[in-house]
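Asker: Below are the chains, spelled out letter by letter.
There are 2 protein chains.
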Amino acid sequence: MSGGASAGSPVEDFDAVDLIHTKRDRGELSTAQIDWLVDAYTRGYVGDEQMAAMTMAIFLNGMSRTEIRDLTMAMIASGERMSFDGLGKPTTDKHSTGGVGDKITLPLMPLVAVFGVAVPQLSGRGLGHTGGTLDKLESIPGWRANLSNEEMFAQLRDVGGVICAAGSGLAPADGKLYSLRDITGTVESIPLIASSIMSKKIAEGTGALVLDVKFGSGAFLKDIEESRELARTMVALGQDAGVATSALLTNMNVPLGLAIGNANEVRESVEVLGGGGPADITELTVALAREMLALAGKTDVDVEAALQDGRAMDKWREVIRAQGGDPDAALPVAKETHTVYADRDGVLVQQDALPFGIAAWRLGAGRARKGDPVQHSAGVDLHAKPGDTVTKGQPLFTLSADEPARFPRALESVDGAWRIGDEGDEVLTGGPLIADRVGG
Amino acid sequence: MSGGASAGSPVEDFDAVDLIHTKRDRGELSTAQIDWLVDAYTRGYVGDEQMAAMTMAIFLNGMSRTEIRDLTMAMIASGERMSFDGLGKPTTDKHSTGGVGDKITLPLMPLVAVFGVAVPQLSGRGLGHTGGTLDKLESIPGWRANLSNEEMFAQLRDVGGVICAAGSGLAPADGKLYSLRDITGTVESIPLIASSIMSKKIAEGTGALVLDVKFGSGAFLKDIEESRELARTMVALGQDAGVATSALLTNMNVPLGLAIGNANEVRESVEVLGGGGPADITELTVALAREMLALAGKTDVDVEAALQDGRAMDKWREVIRAQGGDPDAALPVAKETHTVYADRDGVLVQQDALPFGIAAWRLGAGRARKGDPVQHSAGVDLHAKPGDTVTKGQPLFTLSADEPARFPRALESVDGAWRIGDEGDEVLTGGPLIADRVGG
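For the protein sequence lines, the chains are A and B, in the order given. Here the first sequence is numbered in the numbering used here, starting from 138 and rising by one per residue. Here the second sequence is numbered in the numbering used here, starting from 138 and rising by one per residue.
Simulated from the structure, these hints should not be mistaken for lab results. Careful, some of the hints might be misleading.
Within a straight-line C-alpha distance of at most 16 angstroms, the following computed EDC-like cross-link-like pairs (lysine to aspartate or glutamate) qualify [to be verified]:
hint : chain 1 : residue 1 : chain 2 : residue 2
1    : B       : K226      : B       : D295
2    : A       : K359      : B       : D162
3    : A       : K529      : A       : D559
4    : B       : K529      : B       : D482
5    : B       : K359      : A       : D162
This structure is a prediction, so every number in the text was calculated from the model and none was measured.
If we strip away everything but chain A, and leave its shape as in the complex, we get (with noise of 0.2 angstroms):
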């Protein structure tokens, strides 16, 4: 049984079947029983088994704003709070929830550092059929991903922009109750997703962010309305915690640009940086730095002459030397490629990501356990999008793996998930790329 509630004293004693209950039975947990849960699960004392029932609870029956509010709090006071005072230049950071070809982070973060604002992207591993941005990168030859919080802090300052691994003492009661959901299918709650997200970008102490909350058959909600009141969620936690905040809704029923793997996600974003590559990618990059340059004090900058000009391009270099890459080195190639070609003349109506993103997935480019490795070479790439007009014989989409036993599982995987319609058709694209913002 609960004790009195005498605010914020972190000894108070629950019972975590209490606690159970009340959200089971769809009641709201105070603010003391969420520090007391949160502090008692990082601690242990508080089991899997218990918060697994806890989280499918909260799956089933929500969680009110201020619980959430409550949760991102107790998550972040579970470890260390960075702050980037120190750095003389204001900071702003992006956050996408995962998709097929989304390797956004690689163009978006030398191109916004141009302008003189740091770029702390504290980014993950891909687990599944979304892809990590750290995989990607180590397709690069000597990129690493793990710095030391003084290395961050002394490549922010110098170089205005990095891409590296959320060191673990951000938000340790997070990162357990990730891997717990992960298993025990309870990922896409809004509530859980908003507070894991949230709670990482508050404590990694950025004074700006922009959410890349995607929607569509790719992505992890698909419903535009549900993606919508995740933007909300988060968008009120970040103000909430001082973090100017705001969003984009952004479609993912098709996959973004034409590359989806690792490697080959890293050339595209080269292409991008040098002023070409598929326009749905140098579209998003664009709207997304802007978004985040405005969050920072920066509205009167010419975001896509940065690309024309070289300047993002050079940035780019400066980042993955900083952290030794090598620029120039040749990238990894697969050892076997598959090629599908178009059966007829027309028009490609369709295209859905999530099976080109599993495709991918089954080809080795993800990972099926949380630490397994990745093959950087393997993926698809894709020859046309929705919407291009092909002519029988066309390639439309090259699998890459090492091994090509892994081809017809991939193929499979594809199977329905594209068609060649007739000139007129309707294009099955689910609408705008960029469809709502979400924000002050």
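On the provided structure of chain A, position chain B as indicated by the hints.
Answerer: Just chain B now, kept in the frame of chain A:
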């Protein structure tokens, strides 16, 4: 992802997260999926955290009748299945969902055995405020709960009745799952209660089974309609498995009898076996005995006569002796008592079961954690029942404990749980003791 559904194959391989998603999203699990889940959980391949998420999803989203039957059969298949076929006489058993002062098994088992029907009462220990039959009987010097299967079989053959600990070989999956539910807040779920009870009872091998399904403040399920649903579910499970099964829905708003504890409940049971004791205990004992005998084919017997003419008492003494107990030995008495007296003349109009059950538990009659000892002499003795006329200064109830420090919290739990009103005031009993019957 699931493999093909070849019926009955035990080696079929599923993914625990897929199964959790199915139940989380209100889908139905197949027979093969449930078989796999229970087997994999019993072997430890599916972890407690995954099963905790699954049980919370079952708690909140329910299970179909088919799923409940599959779960029951899978838990039976996790262990041994006994048979009393070689006994040469019918078998009949009773199970109560648990209540306050529920010692009915003690007078009931010998009463039924008098009529040549074997009664294999495989029982448990108490947890929380509901007492355990074995705990009560262990008040009797020398009596032992643990019998081998051979000893149990011999006693059923030679004496006709036995109350002993259910071996861990019966439905081990249920044992593991029940312990998990207890710490993860998923106890009060009809599919999980029904499959838990019925897996053990069907595995036990009884030919007939009467269920005493409680409702009211002192029961697992407060609402009679929920209890009716539980009863219907369990009766169907028993009948499907070839066990003649019926259920009585009985009122647990008021303590059963006058004794709540262990030794004092044995004392009261012996009074009933001698033809005396509280009217409610006798009424329920006789009603359940008639049900048990009828299901075993004995409809033309005078149950009450066996209480009056000493046959039930003789059988009791025989059974207690067969398990090493001395039916004539003095039962333990507590070192301290604390009596509460009527503060006015009037009628006792309220006496809530749950608070008095909690008081007995706090006095030491029950255990907070599995494996804790119980104090056999601790408990509550009521001196009046709802509807009784009382006079100022007469004792209302007496608390017994070895440590007087236990009295204040026990008194706190019954504060407001009883009330003396005026002649003509409504007496709050929640209706008749036996509210309904479910079964063929």
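Asker: Would you mind marking each hint as holding or not holding in the structure?
Answerer: Structure-based check of each hint:
{"no.": "1", "hint": "B/K226 x B/D295", "in the structure": "11 angstroms, holds"}
{"no.": "2", "hint": "A/K359 x B/D162", "in the structure": "15 angstroms, holds"}
{"no.": "3", "hint": "A/K529 x A/D559", "in the structure": "13 angstroms, holds"}
{"no.": "4", "hint": "B/K529 x B/D482", "in the structure": "5 angstroms, holds"}
{"no.": "5", "hint": "B/K359 x A/D162", "in the structure": "15 angstroms, holds"}
The structure is consistent with each of the numbered hints, conforming to all of them.
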